[in-house]
Structure formats: C-alpha cells, structure tokens
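Asks: So the chains spell out like this:
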Amino acid sequence: AQSVTQLDSHVSVSEGTPVLLRCNYSSSYSPSLFWYVQHPNKGLQLLLKYTSAATLVKGINGFEAEFKKSETSFHLTKPSAHMSDAAEYFCVVIPIQTGANNLFFGTGTRLTVIP
Amino acid sequence: NAGVTQTPKFQVLKTGQSMTLQCAQDMNHEYMSWYRQDPGMGLRLIHYSVGAGITDQGEVPNGYNVSRSTTEDFPLRLLSAAPSQTSVYFCASSSRTVSMNTEAFFGQGTRLTVV
Numbered sequence: 001a002q003s004v005t006q007l008d009s010h011v012s013v014s015e016g017t018p019v020l021l022r023c024n025y026s027s028s029y030s031p032s033l034f035w036y037v038q039h040p041n042k043g044l045q046l047l048l049k050y051t052s053a054a055t056l057v058k059g060i061n062g063f064e065a066e067f068k069k070s071e072t073s074f075h076l077t078k079p080s081a082h083m084s085d086a087a088e089y090f091c092v093v094i095p096i097q098t099g100a101n102n103l104f105f106g107t108g109t110r111l112t113v114i115p
Numbered sequence: 116n117a118g119v120t121q122t123p124k125f126q127v128l129k130t131g132q133s134m135t136l137q138c139a140q141d142m143n144h145e146y147m148s149w150y151r152q153d154p155g156m157g158l159r160l161i162h163y164s165v166g167a168g169i170t171d172q173g174e175v176p177n178g179y180n181v182s183r184s185t186t187e188d189f190p191l192r193l194l195s196a197a198p199s200q201t202s203v204y205f206c207a208s209s210s211r212t213v214s215m216n217t218e219a220f221f222g223q224g225t226r227l228t229v230v
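Chains A and B, in that order, are what the protein sequence lines are.
Quick note on the working numbering: the first sequence kicks off at 1 and runs consecutively.
Quick note on the working numbering: the second sequence kicks off at 116 and runs consecutively.
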C-alpha cells in the first residue's frame, strides 16, 4: 500500500528564515518522490523530484529535498524564505512498479511567510 | 506550449444537473487522470486512463464517468451533480512509461460549485 504523510498542515516562518516542510511516505514498491507547489488559485507546479541519482535533490526557487530511505522521509527545505514562497506544498509518491502512474498525494502543507 | 488545458475554469451547477469537464493535452501522453482537491484532503484520484479506449477507477469514482476516445482528450462527466461534488478538479497527464523520470503535468483546475 502507498501513503504519504505531511506532518504539518500549516507552517509559518519569517521572511529570511529557513523553511522545513516534512514528508514521510510508505510504499510497497521503490518510490518516485516529488514535491509540487500550488500558489493561490493556480494549478500545481513541480518543485523537484527524486530520481535516485542523488539523495539530495535540488529544485526550483532554492528548494531542496533529501531522500532518506532508512527514515522513509523526503523533507523539503529552503535556507531563506521569501514572500513569494507562500503557497501550499504537496508531497507526492508514485510507486514505480505498479504499471500506472497514479500519484498519491499528501494532504498538503500551507506555508505562510511573515514579513 | 499548451500542455494540459482544462475547461471551464469555473462552473456553478444546480443539484441534479449534468456537465462535462474537458481536459486536453498536446504532449502525446498515454496516461491521463482526474483528481479532486478538497480542503485538508490533498488530491484524490477519481479516474485514470493508460491509453485510448482504456479507463479505470481511482479512489473516489462514484458519481463520475470518463471515456478516452483519443490520446489527447479525457473528459470527466457528472451525470447528476450533488453538493458533495463541490470541489476543485485537476486533470493530469504523463508518459506511460513508469520510471524515476516520470513527471505529471497538471491543468489549471476547474472550480465547481453545486448548489
């Protein structure tokens, strides 16, 4: 069975301080892992994806995520938050051996950036 | 670079009315899917298709029908709308080959209100 747990429904940080959005996953197969961002009233945009080439993955807008198999985690970080980072973030798993690209979404983390 | 196009962007229906949400992609992707997004629940899979003529149910298929007559189009039909179907709907597409480089592309969403 596949599942994704985003540990915080809401995270609030001050501008210029680090961001940490937590994600844990469960997958019966080797997972493909993603973070998507959704700005208000917009669609979903890919931030980054884990491709097994490296456990530390760099994405757009200064975001990074580290795949830790022993902890089944894929936390999203950014060293310094910007006002434009305020959005909802989704951790997503695709179990790559099921033969269909069904995405399993976490429930989302809303990031608020305080000026 | 049209990507995934969803229409309409907004719709208000009365209970019992029917309508079709349109989704089209121009990337020659075999795999297409529909999700609904509800507060605190992330995105949940409604139906998906792995190619023309092939569809299957996702996590929350009740009240929705789909068909896939071409590679490009994957419409979602609500036969008799209910207030519980008030949601934001997203269409996604990706290549069929499941690999660590799989990425899903999303439309901009359809905000549906059933009164």
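Worth flagging that the hints you see were computed from the coordinates, not collected in a lab.
Quick caveat, the model's predicted, so the values are computed rather than measured.
Mixed in with the good hints there might be a few duds.
Cut-off 27 Å, straight-line C-alpha distance, at most; resulting in silico cross-link-like pairs (DSS-like, lysine-lysine) [said to hold, decoys possible]:
| id | chain 1 | residue 1 | chain 2 | residue 2 |
| --- | --- | --- | --- | --- |
| 1 | B | Lys124 | A | Lys42 |
| 2 | A | Lys58 | A | Lys42 |
| 3 | A | Lys58 | A | Lys69 |
| 4 | A | Lys58 | A | Lys68 |
| 5 | B | Lys129 | A | Lys42 |
| 6 | A | Lys42 | A | Lys68 |
Asks: Enumerate the violated hints, using their earlier numbering and listing them in ascending order.
Replies: 6
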